[in-house]
Amino acid sequence: MPDPDRAVAHHHQIVIVGAGAAGIAVASSLLARRKDIDVALIDPAPEHFYQPGWTLVGGGVFTADQTRRELASLIPRGASLIEARVSGFAPEARQVILSDGRRIGYDKLVVAPGLKLDWQGIEGLAQSLGRNGVTSNYRHDLAPYTWDLVRQRRGGTALFTQPPMPIKCAGAPQKAMYLSCHAWERAGTLGDTRVEFLNAGQALFGVADYVPPLMEYVRRYGISLSFGHSLKRIDGDARTAWFQTTGPDGDTQLVERRFDMIHVVPPQVAPDFIRSSVLADKAGWLDVHGETLRHARFPDIYGAGDVLGTGNAKTAAAARKQAPIVAVNLLRDMGRIQTPHPAVYDGYGSCPLTVERGKIVLAEFGYGGKRLPSFPAWLIDDRKPSRLAWLLKEKILPPVYWRAMLRGRELLVKPRLAPVQD
1 MPDPDRAVAH
11 HHQIVIVGAG
21 AAGIAVASSL
31 LARRKDIDVA
41 LIDPAPEHFY
51 QPGWTLVGGG
61 VFTADQTRRE
71 LASLIPRGAS
81 LIEARVSGFA
91 PEARQVILSD
101 GRRIGYDKLV
111 VAPGLKLDWQ
121 GIEGLAQSLG
131 RNGVTSNYRH
141 DLAPYTWDLV
151 RQRRGGTALF
161 TQPPMPIKCA
171 GAPQKAMYLS
181 CHAWERAGTL
191 GDTRVEFLNA
201 GQALFGVADY
211 VPPLMEYVRR
221 YGISLSFGHS
231 LKRIDGDART
241 AWFQTTGPDG
251 DTQLVERRFD
261 MIHVVPPQVA
271 PDFIRSSVLA
281 DKAGWLDVHG
291 ETLRHARFPD
301 IYGAGDVLGT
311 GNAKTAAAAR
321 KQAPIVAVNL
331 LRDMGRIQTP
341 HPAVYDGYGS
351 CPLTVERGKI
361 VLAEFGYGGK
371 RLPSFPAWLI
381 DDRKPSRLAW
391 LLKEKILPPV
401 YWRAMLRGRE
411 LLVKPRLAPV
421 QD
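For the sequence shown, position 49 (counting from the first letter as 1) is numbered 49 according to full-length UniProt numbering, and the numbering increases by one without interruption.
Hints may contain errors.
[As the list claims (entries may be wrong)] Calculated pairs, EDC-like style, for lysine to aspartate or glutamate (alpha carbon to alpha carbon, straight line, at most 16 angstroms):
(1) 232 with 256
(2) 116 with 291
(3) 359 with 410
(4) 414 with 356
(5) 384 with 356
(6) 359 with 216
(7) 35 with 47
(8) 370 with 394
(9) 414 with 256
(10) 232 with 118
(11) 168 with 118
(12) 384 with 260
(13) 359 with 381
(14) 384 with 118
(15) 232 with 123
[Claimed, not checked] Derived Cβ-Cβ restraints for the label pairs, each shown as a range:
(16) 297 with 337: 39 to 49 angstroms
(17) 123 with 77: 43 to 53 angstroms
(18) 417 with 250: 42 to 52 angstroms
(19) 101 with 189: 55 to 65 angstroms
It should be emphasised that the hints constitute simulated quantities derived from the structure, not laboratory data.
We put the beta carbon where it would ideally sit given N, CA and C, even for glycine.
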């Protein structure tokens, strides 16, 4: 049991755990409203990455360096950065416990450390990555290898995997597949390539409205769909992968697939220090109210980003929408701004599904799979592949991320107030 009387190394009005997309965006949204507040972010990483760009790195559109910045250069003016790892929490004492034993006190806490990519969750995967045709766009250093494999491929078998939900950007596993297939189609080698999508789930995409346009590309590229297939083991040297399937009677079996190339998406869980803490829900994710993003049991704590146990998609677009909501509600609690009701989150997330180089199905949706398009259908029809949506993804969203989201500029994401229960 943490000792609440133990002295703290530092105390801040607001402490934010995690300086990823959500953490920096929350800090910037807070300081955009009240420049005189004391905000500290805790994160050990020296660099920050624009992770939505990794799909385009794997498709030969971006370079890996275009997605990287020095973390210290992104911390908003007026905030401080504590370069350390978090090991736990003492919420009754309003303390964050660091891995070196130090404690950081707070008046209000925002928990935004992202999620954990569990590369060890698949036997043999960690040892196989980056060679023998085994790759993943979920790692900055491996996305260029994906493109190397795609452009060098002259037929053979290409496998693309998707683990059980929830995962970061649920459309990313098939984005990699479509961009690869389009490159092979242009090179004239698609007909010599056997492509299979092995999905642990039972549907191509979780929002049914977007499945028909995706299925058109599945047919166009000749992709074989294998649902209920969860990757359990891989042997890169033997170029063999084993998937667990479950039959109608509930019996499971391992099925074998040989490959020349395999794009793997690892299982994903909340960070260890969240799952083992009193802040977690039964599934290990941060336990917050889905609308206010306030913790279910500790009113001085809020959450944002991929760590949340809410039912929204885990995307940068979701974090961008959540950040000002957390900022408004937290400052309202502190009495630093006056609003009649808290701001509410509708579960918004966006998944620009890159179905070919130059076209995207711009999936935007909220809680319950409700479509929440940002643009009128005459401009961008979210249920059809669009060149304008590709332009948005390639040219507009990266600067929006770096120059707006991470700087507290809230174009199209102004918080909505509604009379919900505090």
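How the hints compare with the structure:
1. 232 with 256: It holds: about 10 angstroms lies between the C-alpha atoms, which stays within 16 angstroms.
2. 116 with 291: Since the Cα atoms of residue 116 and residue 291 sit roughly 24 angstroms apart, the hinted pair is violated (cutoff 16 angstroms).
3. 359 with 410: Distance of about 26 angstroms is beyond 16 angstroms: violated.
4. 414 with 356: Violated - the C-alpha atoms of residue 356 and residue 414 are around 32 angstroms apart, more than 16 angstroms.
5. 384 with 356: holds, 12 angstroms
6. 359 with 216: The given pair, whose Cα atoms are some 13 angstroms apart, holds under the 16 angstroms limit.
7. 35 with 47: violated, 25 angstroms
8. 370 with 394: violated, 25 angstroms
9. 414 with 256: violated, 49 angstroms
10. 232 with 118: Holds, at about 12 angstroms.
11. 168 with 118: With Cα atoms ~12 angstroms apart, residue 168 and residue 118 stay inside 16 angstroms; holds.
12. 384 with 260: violated, 32 angstroms
13. 359 with 381: Within the cut-off at roughly 12 angstroms; holds.
14. 384 with 118: Violated, because 34 angstroms separates the two Cα atoms, which is more than 16 angstroms.
15. 232 with 123: holds, 6 angstroms
16. 297 with 337: 39 to 49 angstroms: violated, 24 angstroms
17. 123 with 77: 43 to 53 angstroms: holds, 47 angstroms
18. 417 with 250: 42 to 52 angstroms: holds, 47 angstroms
19. 101 with 189: 55 to 65 angstroms: holds, 56 angstroms
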